[in-house]
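S.K.: For reference, the chains in residue letters:
Number of protein chains: 2
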Amino acid sequence: MNYDLDGADEVLRRTPGTLRALLTDLPDEWLHGREADDAWSPYQVCGHLLHIEECDWIDRTRVILEHGTTQPFVPVDREAGFARFAGWSIDALLDRFAEQRATNLDVLQKLVKPSDLDQQGLHPEFGPVTLAQLLATWVVHDFNHLHQIVKTMAKEYGDAVGPWRAYLPILGAT
Amino acid sequence: MNYDLDGADEVLRRTPGTLRALLTDLPDEWLHGREADDAWSPYQVCGHLLHIEECDWIDRTRVILEHGTTQPFVPVDREAGFARFAGWSIDALLDRFAEQRATNLDVLQKLVKPSDLDQQGLHPEFGPVTLAQLLATWVVHDFNHLHQIVKTMAKEYGDAVGPWRAYLPILGAT
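Those protein sequences? They're chains A and B, same order as listed. The first sequence begins at 1 in the numbering used here and counts up one residue at a time. The second sequence begins at 1 in the numbering used here and counts up one residue at a time.
It is worth saying that the hints were derived from the structure and are not from the lab. Where is the CB? At the ideal position from N, CA and C, for every residue including glycine. A portion of the hints provided could be inaccurate.
As the list claims (entries may be wrong) - From the derived model, a few chain B residues whose C-beta atoms are all more than 12 Å from chain A:
{"hint": "1", "residue": "Y3"}
{"hint": "2", "residue": "A21"}
{"hint": "3", "residue": "G33"}
{"hint": "4", "residue": "V63"}
{"hint": "5", "residue": "V74"}
{"hint": "6", "residue": "R84"}
{"hint": "7", "residue": "A92"}
{"hint": "8", "residue": "A102"}
{"hint": "9", "residue": "L111"}
{"hint": "10", "residue": "S115"}
{"hint": "11", "residue": "D142"}
{"hint": "12", "residue": "H145"}
{"hint": "13", "residue": "H147"}
{"hint": "14", "residue": "M153"}
{"hint": "15", "residue": "E156"}
What the hints assert, rightly or not - If you only want the chain B side, here are some residues facing chain A, beta carbon under 8 Å, derived:
{"hint": "16", "residue": "E29"}
{"hint": "17", "residue": "V76"}
{"hint": "18", "residue": "A80"}
{"hint": "19", "residue": "F82"}
{"hint": "20", "residue": "F126"}
{"hint": "21", "residue": "V140"}
{"hint": "22", "residue": "F143"}
{"hint": "23", "residue": "V150"}
{"hint": "24", "residue": "I170"}
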């Protein structure tokens, strides 16, 4: 599928509700479990998503539209949300994420026309990238972290399922 | 984490709402996309989940409680839901799934005590399994199919993300 502003919007506006349905009022044993010492809990994933929502997608869209490839993107700190939102309840995190997502989709609609999608920016590591690639990454980034949350939760029962493990590929997912 | 009736209930009762948030009113291009000819679309996954919800978990729980290892489980047809629910809207599928899930959790609560969890049944392929293993599999089966849905949707933009693919492990997930 090619990137498309309307098709992407259909997915992006669903993520806050999906996270709420999955995580609101979830007991701590599920919410704060991690599959390894250096892995993120479902709660931490939400902190990351909110931080990135605040500082990445729309900022980089503006950099592409205003500066093209003359100004590289500022690298993002993937774990900055952990300290920034320390102590926030999961409800507070998800409420703020939902607000920021709605704002960002509104801004995007006003800011970007289909004819802008081929414009290029400069990624500090990858070199030239297009606006369409950045905005498609926003969508896949949501799915990537939904996947991370469900695999983290699934692995809590990795031993408990016994021999059924053979039919549950998520238990081997990385 | 060991299997626990209350902890599992916390997850199982969230799945219908999670699927609704993710899939209700989703355009057909996302809902019916498949990553390969023999792979399932998000819509097909929901048909599978509903079929399994109707015929697997509670039936097998009863077989274990009533017959122990003297009567093997009847194998389930993983794709039977595709024909059975052909033509149903995604809303109808998800409504029926939510009803069946609520009924099943209610039945489970009345049927099973913590002291029953070590009881054994006979899986036609694996041999002896415990009730706790069956019920833990119910939970991980939900996550496995949520994972399948999000990876299927993510891969629609597998090319569109360009070089960001390197940072999105879901695009290589099986």
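S.K.: Minimum Cβ separation between B/G33 and chain A greater than 12 Å?
M.R.: At about 7 Å from chain A, B/G33 fails to clear the 12 Å cut-off, so the statement is violated.
S.K.: Going by Cβ atoms only, is B/E29 closer than 8 Å to chain A?
M.R.: 6 Å, holds
S.K.: Regarding the assertion that B/D142 does not contact chain A, is the least Cβ-Cβ distance greater than 12 Å?
M.R.: 8 Å, violated
S.K.: Under 8 Å is the threshold here; is the Cβ of B/V140 close enough to any Cβ of chain A for the hint to stand?
M.R.: 5 Å, holds
S.K.: Looking at B/R84 again, its CB stays over 12 Å from all of chain A?
M.R.: B/R84 is indeed farther than 12 Å from all Cβ atoms of chain A, at 21 Å.
S.K.: Hey, does the B/F82 contact hint survive, CB to chain A under 8 Å?
M.R.: Violated - the Cβ of B/F82 stays beyond 8 Å from chain A, reaching only about 18 Å at its closest.
S.K.: For the hint on B/V150, just tell me whether its beta-carbon gets within less than 8 Å of chain A.
M.R.: This interface hint holds because 4 Å falls under the 8 Å limit.
S.K.: Compute the least Cβ-Cβ separation between B/V63 and chain A, then decide whether it is above 12 Å.
M.R.: 16 Å, holds
S.K.: According to the definition I'm using, a residue is off the interface if its beta carbon is farther than 12 Å from all beta carbons of the partner; does B/V74 meet that for chain A?
M.R.: Holds, because the least Cβ-Cβ distance between B/V74 and chain A comes to about 16 Å, which exceeds 12 Å.
S.K.: Is the claim that B/S115 lies outside the interface with chain A correct, judged by CB distances over 12 Å?
M.R.: Check passes; 17 Å lies beyond 12 Å.
S.K.: Minimum C-beta separation from B/Y3 to chain A exceeding 12 Å: can you confirm that?
M.R.: 4 Å, violated
S.K.: Confirm or reject the statement that B/L111 sits farther than 12 Å, beta carbon to beta carbon, from all of chain A.
M.R.: Non-interface label stands for B/L111: nearest chain A Cβ at 19 Å, farther than 12 Å.
Checked against the numbered hints listed earlier, the structure breaks hints 1, 2, 3, 11, 12, 13, 14, 15, 17, 18, 19; every other hint is satisfied.
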